[in-house]
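K.L.:
Given next are the chains, with one letter for each unit.
There are 2 protein chains.
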Amino acid sequence: MKTLKIPEATIIRLSVYSRYLSQVDRRGVTTISSGEIAEGVGVSPAQVRKDLAYFGEFGTRGVGYNVKDLQRHILKILGLNYSWPVVIVGAGHLGTALCMYGGFRERGFRVVGIFDNDPHKIGYKLNGIEVFPMSEMARVVEQERALIGIIAVPSDAAQEVANSLVGAGLKAILNFAPRVLNIPDDVEVRNVDMAVNLEILTFNLGFKRGRE
Amino acid sequence: MKTLKIPEATIIRLSVYSRYLSQVDRRGVTTISSGEIAEGVGVSPAQVRKDLAYFGEFGTRGVGYNVKDLQRHILKILGLNYSWPVVIVGAGHLGTALCMYGGFRERGFRVVGIFDNDPHKIGYKLNGIEVFPMSEMARVVEQERALIGIIAVPSDAAQEVANSLVGAGLKAILNFAPRVLNIPDDVEVRNVDMAVNLEILTFNLGFKRGRE
Chain V
1 MKTLKIPEAT IIRLSVYSRY LSQVDRRGVT TISSGEIAEG VGVSPAQVRK
51 DLAYFGEFGT RGVGYNVKDL QRHILKILGL NYSWPVVIVG AGHLGTALCM
101 YGGFRERGFR VVGIFDNDPH KIGYKLNGIE VFPMSEMARV VEQERALIGI
151 IAVPSDAAQE VANSLVGAGL KAILNFAPRV LNIPDDVEVR NVDMAVNLEI
201 LTFNLGFKRG RE
Chain D
1001 MKTLKIPEAT IIRLSVYSRY LSQVDRRGVT TISSGEIAEG VGVSPAQVRK
1051 DLAYFGEFGT RGVGYNVKDL QRHILKILGL NYSWPVVIVG AGHLGTALCM
1101 YGGFRERGFR VVGIFDNDPH KIGYKLNGIE VFPMSEMARV VEQERALIGI
1151 IAVPSDAAQE VANSLVGAGL KAILNFAPRV LNIPDDVEVR NVDMAVNLEI
1201 LTFNLGFKRG RE
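Keeping their order, the protein sequence lines are chains V and D. The first sequence runs 1 to 212 under our numbering. The second sequence runs 1001 to 1212 under our numbering.
Keep in mind that the hints were calculated from the coordinates and are not lab data. It is possible that part of the hints are untrue.
Stated by the list, open to error - Below, a list of computed lysine-lysine pairs in the BS3-like style, where the Cα atoms sit at most 30 Å apart:
#1 LYS1125(D) x LYS1171(D)
#2 LYS1050(D) x LYS50(V)
#3 LYS171(V) x LYS125(V)
#4 LYS50(V) x LYS68(V)
#5 LYS1121(D) x LYS121(V)
#6 LYS121(V) x LYS1050(D)
#7 LYS171(V) x LYS76(V)
#8 LYS1171(D) x LYS1121(D)
#9 LYS125(V) x LYS1125(D)
#10 LYS1121(D) x LYS125(V)
#11 LYS1050(D) x LYS1121(D)
#12 LYS50(V) x LYS76(V)
Claimed, not checked - Here are some of the chain D residues that sit facing chain V, going by a computed Cβ distance under 10 Å:
#13 SER1015
#14 GLN1023
#15 ARG1061
#16 LEU1094
#17 ARG1107
#18 PRO1178
#19 VAL1189
#20 LEU1198
#21 ILE1200
#22 ASN1204
#23 LEU1205
By construction, the Cβ of each residue, glycine as well, lies at the ideal position given by its N, Cα and C atoms.
Can you make the complete structure from the sequences, with help from the hints?
P.N.:
Dropping the structure here:
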């Protein structure tokens, strides 16, 4: 691990490779080539090899990779050899959808609490997870040793929520509000913009339809 | 427009640049350098120039880019010089959250209908948009000239929904269900995996904490 300069696109592909490795592992496959991974996920074999090469030598030339070993390596690279307690702020539709989302638990993310300032929601359970008032944030974060918070509130409340998350000691924030947040440098932030995904589709559609 | 081989990371950055250009345009700025764009969005100036160079020459050396012209060019590249009618399938929490999401309308995406097979939801309006039964899909898609569909249903219903969307003539699908779909080659698909965003955070947290 010499460098931090790993392109984000590589991290995203590692995440995709590891989902594919889970699938083939469940089918009982024990060895896999970069070509097979490439075909399974729709990238070039050279890309797979290049991505994995960032993290040292896996696999044996002409034999391929041991599926379980490679999967274990990738999960460790991604930091998924732990279970990560996560808190969500905002018990509206988005927060509830995220709370129900099976894809988190599958990858080792465990929602340990949802926070809202609506007294009608507090005390309810969503998918077995309690809705807490904002005033309980620091207590729950400490008790559950959470490091990651998800912001699922309207834009105009997002900065205040971010301040609460930072104040409670969280070290990483996933922000779904379409607004840029002021966050201290020692806290990781990732902004999710739902429209970007549609824009990649319209870019591709535009090319197909022969844009001028 | 010679080539289709534009890296997806470039498209995503164009999308980010154009959001930033909207902001500076609203502040009344008329000219901007690649360095200023770079600083505003947190990438290197060389990256900005490289991304824009894919699409020909904009701007004047030493003067910079005209903000409105550059914005118009980028929106055209992204296919956002049109308004895009979009349909959503699934009127649960995720579909409802997407329907309420202000970021779509801002970028020219207009939700024209939500579909669900729950008779209790049909006929209701979410954010002013009607919930239709699945049987109305082809009619609504044709009437609204929609090309893009969003799948916001549970995994086990996703393939059937995808078939309906393709059958109704849609040309692009954004899939939120954590499942790989069989889709004809002439339909663009993009799978959104919410957990990937968390994995990029845990990757970065892992490095900071000194992974072995």
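K.L.:
Against this structure, judge whether each hint is valid.
P.N.:
Tested hints:
1. LYS1125(D) x LYS1171(D): With a Cα-Cα distance of about 25 Å, the restraint between LYS1125(D) and LYS1171(D) holds, given a limit of 30 Å.
2. LYS1050(D) x LYS50(V): holds, 22 Å
3. LYS171(V) x LYS125(V): The hint holds at about 26 Å.
4. LYS50(V) x LYS68(V): holds, 20 Å
5. LYS1121(D) x LYS121(V): holds, 22 Å
6. LYS121(V) x LYS1050(D): Not OK: LYS121(V) and LYS1050(D) at ~49 Å, beyond 30 Å, violated.
7. LYS171(V) x LYS76(V): It holds: about 19 Å lies between the C-alpha atoms, which stays within 30 Å.
8. LYS1171(D) x LYS1121(D): It holds: about 26 Å lies between the C-alpha atoms, which stays within 30 Å.
9. LYS125(V) x LYS1125(D): It holds: about 26 Å lies between the C-alpha atoms, which stays within 30 Å.
10. LYS1121(D) x LYS125(V): With a Cα-Cα distance of about 23 Å, the restraint between LYS1121(D) and LYS125(V) holds, given a limit of 30 Å.
11. LYS1050(D) x LYS1121(D): violated, 48 Å
12. LYS50(V) x LYS76(V): With Cα atoms ~18 Å apart, LYS50(V) and LYS76(V) stay inside 30 Å; holds.
13. SER1015: At about 5 Å, which falls below the 10 Å cut-off, the nearest Cβ of chain V leaves the hint on SER1015(D) intact, so it holds.
14. GLN1023: Result: holds, 9 Å to nearest chain V Cβ.
15. ARG1061: violated, 26 Å
16. LEU1094: Holds. Min distance 4 Å.
17. ARG1107: holds, 4 Å
18. PRO1178: holds, 4 Å
19. VAL1189: holds, 8 Å
20. LEU1198: holds, 5 Å
21. ILE1200: Cβ of ILE1200(D) sits 5 Å from chain V, so the hint holds.
22. ASN1204: Hint holds; ASN1204(D) Cβ to chain V Cβ min 5 Å, cut 10 Å.
23. LEU1205: At 6 Å from the nearest chain V Cβ, LEU1205(D) passes the 10 Å test, so the hint holds.
Hint violations for this structure: numbers 6, 11, 15, all remaining hints satisfied.
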